[in-house]
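**Student:** Sequence:
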Amino acid sequence: MEKAAKLKLVRDSVTNYPDFPKPGILFRDIFGIFKNVAATKAMKDLMVEHVALLDIDFVVGLDSRGFLLGPVISLELAKPFVPIRKKGKLPGKVFQQSYTLEYGEDVFEIQADSVQGNKKALIVDDLLATGGSMSAAENLLKKAGVTVVECLVIMELKSLNGRAKIEAPIHALLQYD
1 MEKAAKLKLV RDSVTNYPDF PKPGILFRDI FGIFKNVAAT KAMKDLMVEH VALLDIDFVV
61 GLDSRGFLLG PVISLELAKP FVPIRKKGKL PGKVFQQSYT LEYGEDVFEI QADSVQGNKK
121 ALIVDDLLAT GGSMSAAENL LKKAGVTVVE CLVIMELKSL NGRAKIEAPI HALLQYD
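Residue numbers for the sequence shown follow the numbering used here, so the first one is 1 and each next one is one higher.
Please note that a few of the clues may not be correct.
Straight-line Cα separation of at most 30 Å, DSSO-like style, residue types lysine-lysine; simulated pairs [to be verified]: (1) K143 / K79; (2) K41 / K120; (3) K120 / K79; (4) K142 / K35; (5) K165 / K120; (6) K158 / K6; (7) K41 / K93; (8) K89 / K6; (9) K35 / K93; (10) K158 / K143; (11) K93 / K120; (12) K22 / K3; (13) K41 / K143.
Since the hints were made in silico from the structure, they are not lab data.
Everything numeric in this text was worked out from a predicted model, so none of it was measured.
The task is simple: from the sequences and hints, build the whole structure.
**Tutor:** Take a look at the structure:
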């Protein structure tokens, strides 16, 4: 299947929910992709084909939907997967980064022993919206001495300009205004 056909299949499989979580919001849900095996395979192919030539040491997935995407990419690239989780979910020594949300503040953590040394990472998540969580992940990895080679997302909501908060290159399979 050609790249354009794969992208169309993935885009057509995203489920739209008007007025969720509140009136006036159109929620685009990637779980519609996972309900369609052909769309899931197309999404995996598109992600892996895009990052196959990147020089990285590991793949980082953001809590929680990045945990669905990151391990798939890790297996295909034969690179380790490292999770970034919300505060209090990881054992052992962790590095922390707080960040602001629309409704408050949260903290991301990564296990210190998973990022030792001068490493290069790919960050993976489902969505880039305001850029808060992706920026926090990027800053957390920098604190740990890791270079973020690229951020990969399934969907980007361009009108929210989250890209402006991220220093690393960003690749979105799908973009919406």
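**Student:** Compare the structure with each hint and give your call.
**Tutor:** A quick look at each hint next to the structure:
no., hint, result
1, K143 / K79, "holds (21 Å)"
2, K41 / K120, "holds (26 Å)"
3, K120 / K79, "holds (11 Å)"
4, K142 / K35, "violated (36 Å)"
5, K165 / K120, "holds (20 Å)"
6, K158 / K6, "holds (21 Å)"
7, K41 / K93, "violated (36 Å)"
8, K89 / K6, "violated (35 Å)"
9, K35 / K93, "violated (37 Å)"
10, K158 / K143, "holds (27 Å)"
11, K93 / K120, "holds (20 Å)"
12, K22 / K3, "violated (35 Å)"
13, K41 / K143, "violated (35 Å)"
Violation of the numbered hints given earlier is confined to hints 4, 7, 8, 9, 12 and 13; the remaining hints are satisfied by the structure.
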